[in-house]
Amino acid sequence: EADIYQTPRYLVIGTGKKITLECSQTMGHDKMYWYQQDPGMELHLIHYSYGVNSTEKGDLSSESTVSRIRTEHFPLTLESARPSHTSQYLCASSDGRGRPYNSPLHFGNGTRLTVT
Amino acid sequence: DQQVKQNSPSLSVQEGRISILNCDYTNSMFDYFLWYKKYPAEGPTFLISISSIKDKNEDGRFTVFLNKSAKHLSLHIVPSQPGDSAVYFCAALLMNRDDKIIFGKGTRLHILP
Chain A
1 EADIYQTPRY
11 LVIGTGKKIT
21 LECSQTMGHD
31 KMYWYQQDPG
41 MELHLIHYSY
51 GVNSTEKGDL
61 SSESTVSRIR
71 TEHFPLTLES
81 ARPSHTSQYL
91 CASSDGRGRP
101 YNSPLHFGNG
111 TRLTVT
Chain B
1 DQQVKQNSPS
11 LSVQEGRISI
21 LNCDYTNSMF
31 DYFLWYKKYP
41 AEGPTFLISI
51 SSIKDKNEDG
61 RFTVFLNKSA
71 KHLSLHIVPS
81 QPGDSAVYFC
91 AALLMNRDDK
101 IIFGKGTRLH
111 ILP
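So the protein lines, in turn, are chains A and B. Okay, so the first sequence: first residue is 1 according to the working numbering, each after it adds one. Okay, so the second sequence: first residue is 1 according to the working numbering, each after it adds one.
Bound-form chain A, shown alone (with noise of 0.2 Å):
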């Protein structure tokens, strides 16, 4: 059983605001994702990392930064937050030893952001 816990579940905040929305697993794994996906579409990888002190950019532009300084932390970071950044953020988490197709990625329950 995948344990990866996503704070706060529900945001709405108003535009300017700074936010972090966290993202922690106690499964030791070494790479961790983020994810937006808007209802019906598509999951846009935003952000990843491999390890302590690695991150990268995804495939989808964003104005969110990341950081990993504990193997079991990914919090991720709007610094002036905008109405056009109301969407559902996933964290996810995979074993680095394996591959995604038999190291399957563990997803958190999402944050809902709604930014007015």
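Hint data in this document are derived by calculation from the structure and do not stem from the laboratory. Please note that a few of the clues may not be correct.
Unchecked claim - Straight-line Cα separation of at most 20 Å, EDC-like style, residue types lysine to aspartate or glutamate; simulated pairs:
(1) 100(B) <-> 95(A)
(2) 5(B) <-> 38(A)
(3) 100(B) <-> 59(A)
(4) 38(B) <-> 38(A)
(5) 57(A) <-> 99(B)
(6) 57(A) <-> 79(A)
(7) 57(A) <-> 22(A)
(8) 68(B) <-> 58(B)
(9) 38(B) <-> 3(A)
(10) 100(B) <-> 30(A)
(11) 5(B) <-> 59(A)
(12) 5(B) <-> 55(B)
(13) 100(B) <-> 56(A)
(14) 57(A) <-> 38(A)
(15) 56(B) <-> 31(B)
(16) 54(B) <-> 24(B)
Said to hold, decoys possible - Going by beta-carbon spacing under 10 Å, a handful of chain B positions derived as facing chain A:
(17) 38
(18) 41
(19) 99
(20) 104
(21) 106
(22) 108
For every residue, glycine included, the Cβ atom is placed at its ideal position computed from N, Cα and C.
Dock chain B against the given chain A, drawing on the hints supplied.
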């Protein structure tokens, strides 16, 4: 430019019958294909995968078929159960340094009583 396409946004199937979810892709270099299942207010969970060198993989009630010449795969669920009602995402993996997974838009499956 979508590389993984799920052209049916939703599908309704009678309980006990077969559910068939379809997926098309454009990149013939994909190495693996995966299916994820997502319930409302939860994250996706891994269901089943298939290597590009295989044409079928079975796990209990779930079978995935791959037709490389048509760049098409399908997920069969037999028999369909009420708990199968969810959104199903088709995904493809290109095995390189990054091992990134590309997802389709998903198909919402409704199992009717």
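Structure-based check of all given hints:
no. : hint             : verdict
1   : 100(B) <-> 95(A) : holds, 14 Å
2   : 5(B) <-> 38(A)   : holds, 16 Å
3   : 100(B) <-> 59(A) : holds, 9 Å
4   : 38(B) <-> 38(A)  : holds, 14 Å
5   : 57(A) <-> 99(B)  : holds, 14 Å
6   : 57(A) <-> 79(A)  : holds, 16 Å
7   : 57(A) <-> 22(A)  : holds, 18 Å
8   : 68(B) <-> 58(B)  : holds, 17 Å
9   : 38(B) <-> 3(A)   : holds, 16 Å
10  : 100(B) <-> 30(A) : holds, 15 Å
11  : 5(B) <-> 59(A)   : holds, 17 Å
12  : 5(B) <-> 55(B)   : holds, 19 Å
13  : 100(B) <-> 56(A) : holds, 12 Å
14  : 57(A) <-> 38(A)  : holds, 19 Å
15  : 56(B) <-> 31(B)  : holds, 14 Å
16  : 54(B) <-> 24(B)  : holds, 16 Å
17  : 38               : holds, 8 Å
18  : 41               : holds, 7 Å
19  : 99               : holds, 5 Å
20  : 104              : holds, 6 Å
21  : 106              : holds, 7 Å
22  : 108              : holds, 9 Å
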